[in-house]
Amino acid sequence: MAAAVSAKKQGAKQVLVIERDSSLGGILQQCIHPGFGLSYYDEELTGPEYAGRFIRQAQELGVKTLLNSMVLEVLPDGTVICTNAEYGITTVRAKSVVLAMGCRERTRGNIQIPGTRPAGIYTAGAAQRLINRQNEMVGRRVVILGSGDIGMIMARRMTLEGAQVVAVVEIMDFLAGLTRNRVQCLDDFGIPLLLSHTVTRVMGNRRVEGVCVARVDENKKPILETEEFYPCDTLLLSVGLIPENELSRTAHVEMSAITGGPVVNQCMQTSVPCLFACGNVVHVNDLVDNVSWESEVAGREAARYAMGQLPQSAGTVTCEPGNNVRYICPQHIALTEEKAEVDLYFRVKLPEEKVRIRLLCNGKELGKKSAIKVNPGEMEHIKVSMSDLTAGKLEVHVAKGV
Amino acid sequence: MTEKQITCIICPIGCRITVRGEDDTVLSLEGNQCIRGEAYAKNEFIHPVRILTTTVKVEGADTPLIPVRSDQPVPQEKLMECMDLIKEVSVTKPVLRYQVIVPDILGTGANIVATGEVL
Ligand SMILES: Cc1cc2nc3c(=O)[nH]c(=O)nc-3n(C[C@H](O)[C@H](O)[C@H](O)COP(=O)(O)OP(=O)(O)OC[C@H]3O[C@@H](n4cnc5c(N)ncnc54)[C@H](O)[C@@H]3O)c2cc1C
Ligand code: SF4
Numbered sequence: 000m001a002a003a004v005s006a007k008k009q010g011a012k013q014v015l016v017i018e019r020d021s022s023l024g025g026i027l028q029q030c031i032h033p034g035f036g037l038s039y040y041d042e043e044l045t046g047p048e049y050a051g052r053f054i055r056q057a058q059e060l061g062v063k064t065l066l067n068s069m070v071l072e073v074l075p076d077g078t079v080i081c082t083n084a085e086y087g088i089t090t091v092r093a094k095s096v097v098l099a100m101g102c103r104e105r106t107r108g109n110i111q112i113p114g115t116r117p118a119g120i121y122t123a124g125a126a127q128r129l130i131n132r133q134n135e136m137v138g139r140r141v142v143i144l145g146s147g148d149i150g151m152i153m154a155r156r157m158t159l160e161g162a163q164v165v166a167v168v169e170i171m172d173f174l175a176g177l178t179r180n181r182v183q184c185l186d187d188f189g190i191p192l193l194l195s196h197t198v199t200r201v202m203g204n205r206r207v208e209g210v211c212v213a214r215v216d217e218n219k220k221p222i223l224e225t226e227e228f229y230p231c232d233t234l235l236l237s238v239g240l241i242p243e244n245e246l247s248r249t250a251h252v253e254m255s256a257i258t259g260g261p262v263v264n265q266c267m268q269t270s271v272p273c274l275f276a277c278g279n280v281v282h283v284n285d286l287v288d289n290v291s292w293e294s295e296v297a298g299r300e301a302a303r304y305a306m307g308q309l310p311q312s313a314g315t316v317t318c319e320p321g322n323n324v325r326y327i328c329p330q331h332i333a334l335t336e337e338k339a340e341v342d343l344y345f346r347v348k349l350p351e352e353k354v355r356i357r358l359l360c361n362g363k364e365l366g367k368k369s370a371i372k373v374n375p376g377e378m379e380h381i382k383v384s385m386s387d388l389t390a391g392k393l394e395v396h397v398a399k400g401v
Numbered sequence: 000m001t002e003k004q005i006t007c008i009i010c011p012i013g014c015r016i017t018v019r020g021e022d023d024t025v026l027s028l029e030g031n032q033c034i035r036g037e038a039y040a041k042n043e044f045i046h047p048v049r050i051l052t053t054t055v056k057v058e059g060a061d062t063p064l065i066p067v068r069s070d071q072p073v074p075q076e077k078l079m080e081c082m083d084l085i086k087e088v089s090v091t092k093p094v095l096r097y098q099v100i101v102p103d104i105l106g107t108g109a110n111i112v113a114t115g116e117v118l
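Heads up: the protein sequence lines correspond to chains A and B, in order. Numbering-wise (numbering that gives the first Met the number 0), the first sequence opens with residue 0 and increments by one. Numbering-wise (numbering that gives the first Met the number 0), the second sequence opens with residue 0 and increments by one.
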């Protein structure tokens, strides 16, 4: 929606949003908790309120929407093929396309928990949709695997709805999500958080009857002597998100092995020139505010591309993750004559305190800043101005020191 | 005298603050690295408040639920009691965003308002 609004504002004549769901807003519709918009709007909104603002803006600007329409294929020339109960198979020809399919959750299959295969195992987001949109309660006694924000938010949600959350189990020795969520979702309700622990087995025939939880050693291997049985009827998995990129792959968009999303430049343009991408499709974001900013760039640049206004590139800068940096988005920058600021978003590999973030272009320092704390769960951000860049490589380093 | 461990959430450092006191008076505070943490911990000790978000049933619409929130924070210890009350509430369409669903819930001064829309 942010991309559609920004494309319209940039002057695009016709903007169409194609959505498989029956309503607009994506994942935000089920995220009924507060915590959205603290930086974008400077106030604390819930997911539906945040989405509502963009939907209203899109409507006012005349963005068209095609709901209940599943996109089956995007071709490298900007043709989009979708199915719709009313129109059947529909082909939309566009001068440029913004891919914004979001992400999907990692499942039990992805992380391979041994044991039986009873009912009562849900991914946290699926449970969130059932409880918050479909009015279906998923269980009474719950163990949650994964201390990401979604897992913790669901711990609170299930408790408010009358379930008992026995424990939140996290394999790492640090919290995956935000501290504020631990305080307001776990501590408030006395829900135990077990760091350096994992679920080793699922028991139960038709329905989950319990799970075994064990401490893990420094190599994340469960220590079997510490295994303990927790009776429960439900196991929620909050073990990570994967960008949803079937469509990008069939469109032959170059993908990044680290983010699981398309490789993009500072315009959020993929390796296929008329295809742009934004949001969780590109890299999994923890804050919707960042998604909105990034999507505004994608929408604006896709509109400029469609109108033939995107300048030719005079060289490329490759963004290379340096010390303690897992990835940088965008992965490269197309150099142009335009005076522009480029936002670099990146994630660290390991938590660290009192660090210095340095930006080097072909060995020359272009910027630095310090941070009191960095955490793999929280995206970091640094700006660079286009005029300072020269073709070659741009590195971001994070190291201890002030 | 009671003692509470409070994690400050004002900034990313997340200091662990030990507060000792009785009812409305804080006698000692330990572990905060700045003045903002002191104010936060005092409030959390005396009177922790939270925004409550949940859903309310919608009768006779395609969408069975509408998301709602408290338009002001409510006392943390009243969250479950508020939930018990909200569970009994249902609405009929149309419901507009920010329409009041439960006024002044449990006399807290906070209204439960819709955050979504059913038209
Ligand atoms: C459970 C959860 C909790 C979160 N909590 C917070 C929070 O507290 N605060 C915060 O700031 N951020 C939070 N986030 C992060 C943030 O809200 C999301 O990252 C952001 O909303 C993602 O937007 P998106 O547009 O990339 O993806 P989505 O919102 O997932 O949108 C993708 C859309 O594409 C549609 N789609 C996919 N494939 C097709 C297809 N083939 N055809 C047609 N349509 C298709 C989907 O139906 C969906 O509507 C949370 C994220 C999740 C998943
Ligand atoms: S006490 Fe101050 S320094 Fe510590 S977490 Fe709170 S705001 Fe940050």
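The hints are simulated quantities; they were obtained by calculation from the structure and are not laboratory data. Do not take every clue at face value.
What the hints assert, rightly or not - Quick list of simulated restraints, FRET-style, between CB atoms:
(1) B/LYS3 x A/GLY391: 49 to 57 Å
(2) A/GLU336 x B/ARG35: 44 to 52 Å
(3) B/PRO72 x A/HIS251: 45 to 53 Å
(4) B/LYS3 x A/ASN109: 34 to 42 Å
(5) A/LYS219 x B/GLY106: 47 to 55 Å
(6) B/GLY106 x A/GLY108: 47 to 55 Å
(7) B/ILE45 x A/ILE371: 41 to 49 Å
(8) A/GLY391 x B/ASN42: 49 to 57 Å
Using N, Cα and C, we set each Cβ at its ideal position, and we do this for glycine too.
Of the numbered hints stated previously, which ones are contradicted by the structure, given in increasing order? 7
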